[in-house]
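J.: Chains as they are written, first to last, in UniProt numbering: chain S, 1 to 327; chain F, 1 to 355.
FYI, nobody ran anything at the bench for these hints, they're computed from the structure.
Don't take every hint at face value.
Partner residues are not named here, just some residues of chain F that face chain S (Cβ under 7 Å, in silico) [unchecked claim]:
hint : residue
1    : S48
2    : D58
3    : A62
4    : K156
5    : G161
6    : A248
7    : S251
8    : V252
9    : D256
10   : R259
11   : K301
12   : V304
13   : F305
14   : G307
15   : S310
The list that follows gives simulated cross-link-like pairs (lysine to aspartate or glutamate, EDC-like), each with its CA atoms no further than 20 Å apart [as the list claims (entries may be wrong)]:
hint : chain 1 : residue 1 : chain 2 : residue 2
16   : S       : K294      : S       : E64
17   : S       : K197      : F       : D38
18   : F       : K37       : S       : D222
19   : F       : K37       : S       : D224
20   : F       : K13       : F       : E330
21   : F       : K317      : F       : D58
22   : S       : K263      : F       : E99
23   : S       : K263      : S       : E319
24   : S       : K263      : S       : E52
25   : S       : K326      : S       : E316
26   : S       : K294      : S       : E65
27   : S       : K81       : S       : D110
Facing chain S, according to a computed beta carbon distance under 7 Å, are these residues of chain F, among others [unchecked claim]:
hint : residue
28   : N55
29   : T254
30   : S311
Backbone N, C-alpha and C fix where the C-beta goes; we use that ideal spot for every residue, glycine too.
Chain residues, written in single-letter form:
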Amino acid sequence: MSAKQRLAQVVGTAAVGALALGLTACSGGDSGGDDLTTIGFVAVGPEGAWREANETNIQDTFTEEAGYELKYAPATNLDQKSQIDAFTSFVDEGVDVILLSATEATGWEDSLQRAQEAEIPVILLDRGIEPDDTDLYVTRIAPDNIEVSTAVADWAVSAFPDGANYFVLEGPAGVSVVNERNEGFDAVAGAQPSLVKVGAQTANWSTEEAKSVVETVLKSNDNDVQFIFAQNDEMGLGAVQAVQEAGLTPGVDVKIATIDGTKNALGALAAGELSFVAEYNPLFGETALDVVEKVLAGDEVESSIVVPSATFDSPEAAETALPDRKF
Amino acid sequence: MSANAHGPSEALKGLVRRQYFWGIVAIALLLLVNLIKDPGYLAVSIGSSGNLVGNVIDILRAAAPIILIAVGMCLVVATGGIDLSVGSVMVVAGAVSMEFLKGAPDTVGSGLAAIGLVVVVSAALGAVNGALVSVVGLQPFISTLVIMLAGRGLAKVITGGQNTSATNETFRWIANGYVLGLPVVFLLALLLAVAMGLLVRRSALGLMLEAIGMDAKAARLAGVNRRALLFTVYILGGVLAGFAGVFATASVMTVDVSRTGYQLELDAILAVVIGGTSLAGGKFNITGAVVGAILIATLDKTVVFLGVSSSATPAFKAVVIVVLCLLQSERVRRMFRQRRAAGAARPAEREVVAA
Chain S
1 MSAKQRLAQV VGTAAVGALA LGLTACSGGD SGGDDLTTIG FVAVGPEGAW
51 REANETNIQD TFTEEAGYEL KYAPATNLDQ KSQIDAFTSF VDEGVDVILL
101 SATEATGWED SLQRAQEAEI PVILLDRGIE PDDTDLYVTR IAPDNIEVST
151 AVADWAVSAF PDGANYFVLE GPAGVSVVNE RNEGFDAVAG AQPSLVKVGA
201 QTANWSTEEA KSVVETVLKS NDNDVQFIFA QNDEMGLGAV QAVQEAGLTP
251 GVDVKIATID GTKNALGALA AGELSFVAEY NPLFGETALD VVEKVLAGDE
301 VESSIVVPSA TFDSPEAAET ALPDRKF
Chain F
1 MSANAHGPSE ALKGLVRRQY FWGIVAIALL LLVNLIKDPG YLAVSIGSSG
51 NLVGNVIDIL RAAAPIILIA VGMCLVVATG GIDLSVGSVM VVAGAVSMEF
101 LKGAPDTVGS GLAAIGLVVV VSAALGAVNG ALVSVVGLQP FISTLVIMLA
151 GRGLAKVITG GQNTSATNET FRWIANGYVL GLPVVFLLAL LLAVAMGLLV
201 RRSALGLMLE AIGMDAKAAR LAGVNRRALL FTVYILGGVL AGFAGVFATA
251 SVMTVDVSRT GYQLELDAIL AVVIGGTSLA GGKFNITGAV VGAILIATLD
301 KTVVFLGVSS SATPAFKAVV IVVLCLLQSE RVRRMFRQRR AAGAARPAER
351 EVVAA
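Make a model of the complete structure from these sequences and hints.
T.: This is the structure:
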């Protein structure tokens, strides 16, 4: 065996091992019953608590008891190519419906056209596509980022009647979620002259980076920041720690609002460290099931379905919601 | 007497000739930019709890994990290798410690036990790298790439795919505590870096590593035990990355399986290169790597302090780094010198002709 072959073999084995490690959490329905409806789920895969709750919920909804066989295909390392491959093989296989959570918005036209030619309905979950050609898919089911971030801004306006200096912790630049959350928030907060934006910076959805960013922001503004809007829970929790370390009291000196509504964030809200949590509801398996049944029966559905999301603005509200929080 | 007068200036000249001198210049310039924005930037005051508080202290604290992975990377690069797995080793270390502390009582003992566990696990991952490189004879790039991919998967398996938090005062103290008014993380990182520096430069170890990096065959013929040394270097790199992972997670007591240590191998490589270590191997400079790490931390903090928008941040960083690399490049510097020399020479020539 040549060295090259051996290298290829070892790398191959290792890559398979790595994949196996990454995917142990995913279960694939492999018993193909005859009268089951097959659903191909082109998913995002491991990304964080929100995604996990969302995809587990979908998998728990389309069960064999409900009459479905769900084929779960998560992307490898959030790579769009692996998603397109999975999508194409679902089309070739001739599944009944395809659910798609695209890792990237662009570049789906060809794949969606193939599905259309094969007469396989495609339902977008959470993530939209660009350009948003509604002829290419049946419907998009997702919570509305703009609506959710508007709720945060509305709360900020009412919580700071005398005005405040605020800072925004963003996700990675250029991601559609970030743009939409900025758009909704800025539309309301930007129109309020008493709310002064002292800056915005990405902390890449990370607690650790958010702590480091807020630590510096507080110093560069001489602690004169009364409100921090974190675009996800993790960053909000990092901001809490930075505020505490600067000798200030989160919830009193600096109010922090976050989006997502994970267990950890509601815990912090119950403890008074966060002041407002807007949920971005991942649990829409039931809605998806409903839509799939309608589509298979040949009924018309709206081209966009907004999943309702709750908001939590007090420790009491958080405490009530905490016991049966799924994510 | 003349020797006395020569001493400091010679030392200064030596420093200027070092590649990491430009790193120091860059740090100074970045600090200066911040100082222009806010004249109080460099001020260090004594906080409420008797510790030093200030932007510079924040920079030192942010630099600590990068210093560790950069020092580890430096040694690996000296042997002509590269370690792409440091970021993933960090997240595994974080996952192991958080998962352990979640179920452990909040005592000094369990904090130390978590660190012990991290050392064992990260050394094991380093050993896998070492084995793939030295025994199997794979390219370091590929071997460590495998651990880089598998490591993050492993961290997800350990934590069940969730970001995991825990509470332990001892563990938290490592990243947030102070000794003599200075942050513990920075002192620990400096201590480990100095210890590594003494270990490799006061013994023949450093020379042997460089020998492997220059010409592995010649080194073997000269009696250098290549296999054992590569093992040692990758294990050291792994353990240092493990400590970096402890620093990163202890700071917020949360391991973020998709973000902790993400792409930090690139920061480490950058720090090493800024410090004057050649990626071709055969030459390394630990002081330089530390300077490089501090530069990266300064750059990160400057971006936030100046309020550079998130979309412009990567470009801002890239410009600083490209300019720095150009300044370091011998060829570019020679070009500048020739130009200046030519500019100075031309009028002289004309005079000669006129005469």
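J.: For the pair supplied as a hint, S/K326 and S/E316, confirm whether the alpha-carbon distance does not exceed 20 Å.
T.: holds (18 Å)
J.: Between F/K37 and S/D222, does the CA-CA distance stay at or below 20 Å?
T.: Between F/K37 and S/D222 the Cα gap is close to 13 Å, so the pair holds against 20 Å.
J.: Does F/D256 pass the interface check with chain S, least Cβ-Cβ distance below 7 Å?
T.: With a minimum Cβ separation of about 5 Å from chain S (threshold 7 Å), the hint on F/D256 holds.
J.: Double-check F/S311 for me: the hint is only fine if its C-beta lies closer than 7 Å to a C-beta in chain S.
T.: holds (4 Å)
J.: For the pair supplied as a hint, S/K263 and S/E52, confirm whether the alpha-carbon distance does not exceed 20 Å.
T.: The hint holds at about 13 Å.
J.: For a C-alpha distance cap of 20 Å, please report whether S/K197 and F/D38 respect it.
T.: holds (19 Å)
J.: Is the interface hint satisfied for F/G307? The criterion is a beta-carbon contact with chain S at less than 7 Å.
T.: Interface hint status for F/G307: holds (4 Å vs cutoff 7 Å).
J.: Check whether the Cα positions of S/K294 and S/E64 lie no farther apart than 20 Å.
T.: holds (18 Å)
J.: Has the given pair, S/K263 with F/E99, been kept, meaning a C-alpha gap of at most 20 Å?
T.: Since the Cα atoms of S/K263 and F/E99 sit roughly 17 Å apart, the hinted pair holds (cutoff 20 Å).
J.: Do the alpha carbons of S/K81 and S/D110 lie within 20 Å of each other, as the hint requires?
T.: It holds: about 13 Å lies between the C-alpha atoms, which stays within 20 Å.
J.: Close enough to count: is the Cβ of F/N55 nearer than 7 Å to one in chain S?
T.: Cβ of F/N55 sits 6 Å from chain S, so the hint holds.
J.: Please check whether F/K301 passes as an interface residue: C-beta within 7 Å of a C-beta belonging to chain S.
T.: holds (6 Å)
When held up to the earlier numbered hints, the structure conflicts with none and fits them all.
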